[in-house]
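Q: Letter by letter, the chains look like this.
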Amino acid sequence: MNEQAIDVAVIGAGPAGLAAAIKAKEAGAAKVTIIERDEQPGGLLHQCIHNGFGLAYFNEDLTGPEYARRFIEKAMDLKIDIQLESMVLDLTAAKKITVSSRQGLRTVCARAVVLAMGCRERTRQQIMIPGTRPAGIFTAGTAQRYVNVEGYIPGKKIVILGSGDVGMIMARRLTLEGAKVEAVVEILPYIGGLIRNEVQCVHDFDIPLFLGHTITDVIGLKRVEAVTIAKVDKNQEPIAGTETTIECDTLLTSVGLIPENELSLKAGVELDPITGGPFVNDRMETNISGIFAGGNVVHVNDLVDNVTLEAEVAGACATDYAAGKVPPAKRKISLKAGENIRYIVPHTICAEKEVTLSMRVREPGEKMRLRIGNIFTKPLRVVKPSEMLKVDLTREQLGKLDEMTAEIEISIEKR
Amino acid sequence: MVKQIEADVVIIGAGITGTTIARELSRYKLETVVVEKGGNAGNQGQTKAAGGMLYTGLVMLMSFILKSMMAPDAPLYDAHSQKIKWLEQGFDMVPQWIEELDIEYRRLITMAIATNREEVKALESLVKFGEGIGVRYASPRWADKKTCLEMEPHLTKDVVASLYSEGDLIHVSPWDIAIAQSENAKQNGVGFMFDTEVIGVLQKNGYQLVKTTRGPVKTRFIVNAAGLLADTVADMGGARDWGLTFVRTLSPILDKRAGKLVHSCLNAPPVPGKGPICNPTVDGNLKVETGSYQPTQDRYDLGAHAGEAMQNILKAKRYIPEISEKDVIRAYVGMRAFNTRDQEENIIEPCNTNPRFINAVVRLPGIIPALPIARHVVELLGDAGLELVTKPDFNPCRTEIPRFRDLSDVERRRLIAQDARYGHVVCRCETITEGEIVEAIKRGARTVAGVRYRTRAGMGRCQGGFCSPRVVNILARELNTPVTQIMDSSPGSPIMPFKSKELLR
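Residue numbers (the numbering used here), protein chains in the order written: chain F, 1 to 415; chain Z, 416 to 920.
Please note that a few of the clues may not be correct.
Using 25 Å as the maximum straight-line C-alpha spacing, the simulated DMTMM-like pairs for lysine to aspartate or glutamate come out as follows [as the list claims (entries may be wrong)]:
1) F/K336 with F/E387
2) Z/K741 with F/E270
3) Z/K500 with Z/E514
4) Z/K916 with F/E150
5) F/K234 with Z/E740
Calculated from the structure, these hints are not laboratory results.
Required output: the full structure, derived from the provided sequences and hints.
A: Printed below as a string of structure tokens:
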């Protein structure tokens, strides 16, 4: 009853899910289904009405909804089945998916699955901002939805904690809506998001930026009335005597994103504690055979273009798997995060096909060099934790690896 | 002109004490009105932040010992004390009580963990003490290291032995009981005035006039169940020879990931500086309870401090090494009031100068004795002249909103077939459907907090990041109210006060 057998099931119709499904279909999968909880496909792109999307993928400067539309239209042209307002309640290692919607419960049995659930925002509680818990505290992304999709403004005087991209973009957005952004407060001595957002969203609008500061108190019982900020020392502890109180009615937090993997865990997918996403190989396959993953569910990207590219790999490989064309993995080489590397995706490679490595550094630095084992080096002018490093390794470069290689260390060193 | 509301009894406060009294009074042919400052029953003050532990036996035993360290002269256990009697009677009434109210609950094993010989000795003397005071306290059993780790595989390997007991601990969400009782009392004819603050009581000829922010209520009797504000309200009724003191404690709530690591309510032996550690909640989260009670002058001192939360996690981590501060999804401050006349006891008595004004000032634990206390309040009202004629059609039972997440697939299918909105999941973290949210609004939820406490939408790991705009839209639609007027919890707590472009005009 209510059972549907398909080739590739994609969970989530955001940029990753759309790209994976399109690629799966193009690669020859007959039945591709996307299961999406929202009422429209496109995910978070709908609320990202600013531009800056598609520079890498389309070589064009698009807004979020424009970027989404290209993929939605393509998916419709390809007649991909997109099931909306459908929540996946369960996923098993046997790739049986239980879905709930107004039409009832149904089961989707897929030959291959692509996880494309994206990420969620870290909350105020998770970083334990002290103080009371009145109304008027939002994560930046939730506020962005209220403002750009629902059409409401949270307040007149705004303080933003954290300098992630969404936070900085909301600083500009709320300023344009007539609110006064009193401060962007960042605990680190440097910005958390992209340089372009620092310039275009914060500096261009003369928004006060407090680096090396944090919030030490939230005041207000019903609605936020003020926050107290203070300078922090090297250990990120507030320095007594440096407190300033800023009157405001709204506090937005932009303090990081967490890949959304509660469903993955149900299927037995193993997660990397550093990225918060699944361990994947260069086919974007998780430890559960036939379950692939792409985009922010694997690790938080800073550009949607990269999400698209990564999910395309997952979609194409899922189709191969569904068709029984699984390349015998002769080798499994682990990529080890060395000096000043926080993580590398994928976690393992077979070294038989070209691969794009995505990496993040731990600390910012200048005049550095990236070293990948003994097969690749590249000078880098600056490295920053907020800007992902991407390297394409060709088959020729991988061919230089010794037959017995089981692990490649990747590191950033001073030039 | 607004019709004057007339009542036999006005109860001030819809926390656990007030709603229990309201439900008990609804057994009789009376006009009862509950006046509550907040927007919902049980969503504020002591009830909201209560631990939700309904216990007797081993936990109670440990609490006696811990108390004796603070007050060494007081008797460890006084079987004749009113408080003890109510706690023991109250616990025995719990099963029927939560059954009638259809409350979600979880029975837990209580475990006191020893990690060295000294702690084993402390537990041994606990056993001896328990055996001496009665059969209720003589049930704990010993578990050796191997058994401890079988029972709790994620426990520290430093465990030497533990004392445990079954059947003497039930965990509930405290607000669930208050909400359920308010619904049941309403079913049986009790009136509720929410978002209504009492500003004074006037003594008239033969009646009392309760002045509120929503107009006066004429009544014969008043019950003060105002919790943290019981002193302020008591002053409105007459003289008092007691005051309130306050203590605060901070409890971090951990993700369900951590909730799965622990099955029992874990405690350290009752020795100075130790005590409760953590327990899984009825919803499957892990509540860390290592915080100490700190006296405070300010009953509104509800700010959580990060350092405090971290310390609690670190203490709990010694017992459950796999938990981490990353698991914290929320940390809240519980404020508790004690009366200054006798900190150990409750004040359940008529005001000295006004026999028709009953003060019901309950100290923690306040849920376990709520039912016997409420019945005592009814007796006191009877003694003061209230006619108690039973209502033949009183219905003690109330049904919970369907819990989609806990149903089998067959039941889920049936529910969705009846009402398609039960198939539409709105809160992804807790799997709460539109059907549940609409039902909560039908039952009186007017705010995001009202929906949250009734359904748990927004209580999960993303803390409403995903569902709150959707819940706001459903509230606006069902209540036919503009989004800009939907409140978070009470008047003055708007979520989105302005429409787009409004600030530019």
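Q: Are the hints correct? Go through all of them and say.
A: Status of each hint after checking the structure:
Taking the CA atoms of F/K336 and F/E387, the gap is about 20 Å. The hint holds against a cut of 25 Å. Of the pairs offered as hints, the one joining Z/K741 and F/E270 holds, with about 18 Å between alpha carbons and a cut-off of 25 Å not exceeded. At roughly 22 Å between alpha-carbon atoms, Z/K500 and Z/E514 fall within 25 Å of each other, so this suggested pair holds. A hinted pair counts as satisfied when its Cα atoms are at most 25 Å apart, and Z/K916 with F/E150 qualifies at roughly 12 Å.
A threshold of 25 Å between alpha carbons decides the hint, and for F/K234 with Z/E740 the separation of about 20 Å falls inside it, so the pair holds.
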